[in-house]
Amino acid sequence: MDASPLEAEARSLRADIVSMIAEAGSGHPGGSLSCADILTALYLGGVMEHDPADPKKEGRDWFILAKGHAAPALYATLAHAGYLPREELKTLRKLGTRLQGHPDCRLCPGVEVSTGSLGQGLSIAAGTAAGLALDGRAGTVFTLLGDGECEEGQVWEAAMFAAHRGLGNLVAIVDLNGLQIDGATADVCDPGDLGAKFAAFGWDVTCVDGHDLGALVEVLGGAKRAGGSRPHAVIARTVKGKGVSFMEGQAGWHGKAPNAEELTIALAELQAAGE
Amino acid sequence: MVKLATPEQAAQKKATRAALGVTLAELAAEGLPVVAVDADLTGSTTTKKLADAGFAERLFNCGIAEQNMIDVAAGLALTGHVAFTGSFAVFGTGRAYDQIRNTVCYSGLDVKIAPTHAGVSVGPDGGSHQMLEDVSLMRGLPGMRVLVPADYAAARAAIRLAAATPGPVYVRMGRASVPCVYADDVELEMGRAYVLREGTDVTIVANGVEIREALLAAEELAGAGISAEVIDAFCVKPLDADTILASVAKTGRVVVAEEHSVIGGLGSAVAELLVARHPAPVAFVGVRDRFGKSGEFEELLRYFELDSAAVVEAVKRVLAV
Numbered sequence: 015m016d017a018s019p020l021e022a023e024a025r026s027l028r029a030d031i032v033s034m035i036a037e038a039g040s041g042h043p044g045g046s047l048s049c050a051d052i053l054t055a056l057y058l059g060g061v062m063e064h065d066p067a068d069p070k071k072e073g074r075d076w077f078i079l080a081k082g083h084a085a086p087a088l089y090a091t092l093a094h095a096g097y098l099p100r101e102e103l104k105t106l107r108k109l110g111t112r113l114q115g116h117p118d119c120r121l122c123p124g125v126e127v128s129t130g131s132l133g134q135g136l137s138i139a140a141g142t143a144a145g146l147a148l149d150g151r152a153g154t155v156f157t158l159l160g161d162g163e164c165e166e167g168q169v170w171e172a173a174m175f176a177a178h179r180g181l182g183n184l185v186a187i188v189d190l191n192g193l194q195i196d197g198a199t200a201d202v203c204d205p206g207d208l209g210a211k212f213a214a215f216g217w218d219v220t221c222v223d224g225h226d227l228g229a230l231v232e233v234l235g236g237a238k239r240a241g242g243s244r245p246h247a248v249i250a251r252t253v254k255g256k257g258v259s260f261m262e263g264q265a266g267w268h269g270k271a272p273n274a275e276e277l278t279i280a281l282a283e284l285q286a287a288g289e
Numbered sequence: 038m039v040k041l042a043t044p045e046q047a048a049q050k051k052a053t054r055a056a057l058g059v060t061l062a063e064l065a066a067e068g069l070p071v072v073a074v075d076a077d078l079t080g081s082t083t084t085k086k087l088a089d090a091g092f093a094e095r096l097f098n099c100g101i102a103e104q105n106m107i108d109v110a111a112g113l114a115l116t117g118h119v120a121f122t123g124s125f126a127v128f129g130t131g132r133a134y135d136q137i138r139n140t141v142c143y144s145g146l147d148v149k150i151a152p153t154h155a156g157v158s159v160g161p162d163g164g165s166h167q168m169l170e171d172v173s174l175m176r177g178l179p180g181m182r183v184l185v186p187a188d189y190a191a192a193r194a195a196i197r198l199a200a201a202t203p204g205p206v207y208v209r210m211g212r213a214s215v216p217c218v219y220a221d222d223v224e225l226e227m228g229r230a231y232v233l234r235e236g237t238d239v240t241i242v243a244n245g246v247e248i249r250e251a252l253l254a255a256e257e258l259a260g261a262g263i264s265a266e267v268i269d270a271f272c273v274k275p276l277d278a279d280t281i282l283a284s285v286a287k288t289g290r291v292v293v294a295e296e297h298s299v300i301g302g303l304g305s306a307v308a309e310l311l312v313a314r315h316p317a318p319v320a321f322v323g324v325r326d327r328f329g330k331s332g333e334f335e336e337l338l339r340y341f342e343l344d345s346a347a348v349v350e351a352v353k354r355v356l357a358v
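Chains as they are written, first to last, in this note's numbering: chain A, 15 to 289; chain B, 38 to 358.
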């Protein structure tokens, strides 16, 4: 499909992400920007079956944000997809908001389950996929993990379980941006070749450029259509802070809000990229 | 008045854990969308009985992976199932506390944490396996209800109650065979405590296997001219304030007995209630801030001063205040 309207959506998402984090004065821009294209492909690129007017609609595809600190990316996506008014994004992290620092399913429409404690999302997604399979119900369960998150042992408990149960209706996407709070994942505690690890656990593995919207739509949609009796891992190579030059590849922007001046520069860059 | 065991029923001894699989199988047969998620202990916890009853597809064995077990249950709950988790209490709560807190409770999911082998009932396996802090851990979680049934019939009722109650529930079960206190078809209500024996001099609030010890102690105390009221606070949270306060208004003295640490469990819950609403002297029967050790269950009850003699001593202490 023509990626350019989607690219415009993704740029707009990024602008919303940096704006809402700047307004909040805290949050996680790096890992939100790295996964913005993945979320765009899923929700706005036609990969996921979903209905903002009926978020719990039977037969929908599911999305579980394992890396819950990328909540701003999810909220911006949900706003662009029609689950939330975009105006509400500026309430991020403020007292009384539906947009908690990490996703709260009891407050925010479109959030399937609360996340934020790393390492749990893949297990929840596997349980969800198993629940759908048990009842013979339609729907693919997508979950998005960080590469640093894959240092959590529970991820591999879930990887083993999903393969053992033959959960072909499960797609785990790894946002492989190579950085975590304390630095490069390779330096902190190297998770190694994650594609090879998932393959060794019995998963189908596809690698993709996590900023190529056309390729993301094709690969994620392909994993969904493939179904079968093996779970699907999509290793998406990304750049942390993607789209904002001074944040790109900088671990220091994992959990820091831009100030007013930095926001102005970031928004100008994102706008220029679209011209 | 709650239905108590007939003399024939009281002569039976059964473990509370034996209630888990058979009750889940009954609920499944009744059409409830129950599932069980366990971690390589389906025989010990008895969740295997669900599969044996023809519902094999409803039993999810995660292998030795308790954290995954809890979150798989969360996913099953998201898709409309009433998910019971197994394993031993020490691993089924402590190993997976963050999963229970941040996923099950924070999302308010229909997951019933129902491990077995709690307290010193696991006996010879020793301190690594004797969970004495689980009620404390679970009681502190927002939205979690905490049930500690006294016998097999009460455990069956507690499991049914957990299944019928939306949201997270903790059901604590043991390995040891204990005498039946309740009638086979007893029904228990959420948030209720039950007066099992009326008395006027002291209130003994107990739950789990300590119900038997409390009733034995009350009998012995009666011989010494002391009238003890025995209350089964099987529901630690929400605690039945009315029943406990009405009793304490009458007796003015309280003993709390539990097969659990004296820190953070039923004793703490009762003390919190009394301090706020009706200050009264309280003595605690429980494990005193230490780990368990290997031994037979009955030996351990004596060793850790959890037996009826310890309850009698606690009553004498609190009456001397």
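Treat the hints with care, since some could be wrong.
[What the hints assert, rightly or not] Derived pair list, reagent style SDA-like, types lysine to any residue, alpha-carbon separation capped at 25 Å:
hint, chain 1, residue 1, chain 2, residue 2
1, A, LYS108, B, PRO179
2, B, LYS51, B, LEU178
3, A, LYS70, B, LYS85
4, B, LYS85, B, LEU69
5, B, LYS85, A, LYS270
6, A, LYS70, B, ASN139
7, A, LYS70, B, ALA201
8, A, LYS108, B, LEU178
9, A, LYS71, B, LYS51
10, A, LYS270, A, ARG251
11, A, LYS70, A, GLY115
[Unchecked claim] From chain A, some residues computed to sit far from chain B (all C-beta separations above 10 Å):
hint, residue
12, ALA140
13, GLY180
14, ALA229
15, GLN285
No lab work stands behind these hints: they were computed from the structure. All C-beta atoms in this analysis are idealised placements derived from N, C-alpha and C, irrespective of residue type, glycine included.
Against the structure, the hints:
no. : hint                   : result
1   : LYS108/A with PRO179/B : holds, 22 Å
2   : LYS51/B with LEU178/B  : violated, 30 Å
3   : LYS70/A with LYS85/B   : violated, 32 Å
4   : LYS85/B with LEU69/B   : holds, 17 Å
5   : LYS85/B with LYS270/A  : violated, 49 Å
6   : LYS70/A with ASN139/B  : holds, 22 Å
7   : LYS70/A with ALA201/B  : holds, 22 Å
8   : LYS108/A with LEU178/B : holds, 24 Å
9   : LYS71/A with LYS51/B   : violated, 45 Å
10  : LYS270/A with ARG251/A : holds, 22 Å
11  : LYS70/A with GLY115/A  : holds, 23 Å
12  : ALA140                 : violated, 6 Å
13  : GLY180                 : holds, 13 Å
14  : ALA229                 : holds, 29 Å
15  : GLN285                 : holds, 38 Å
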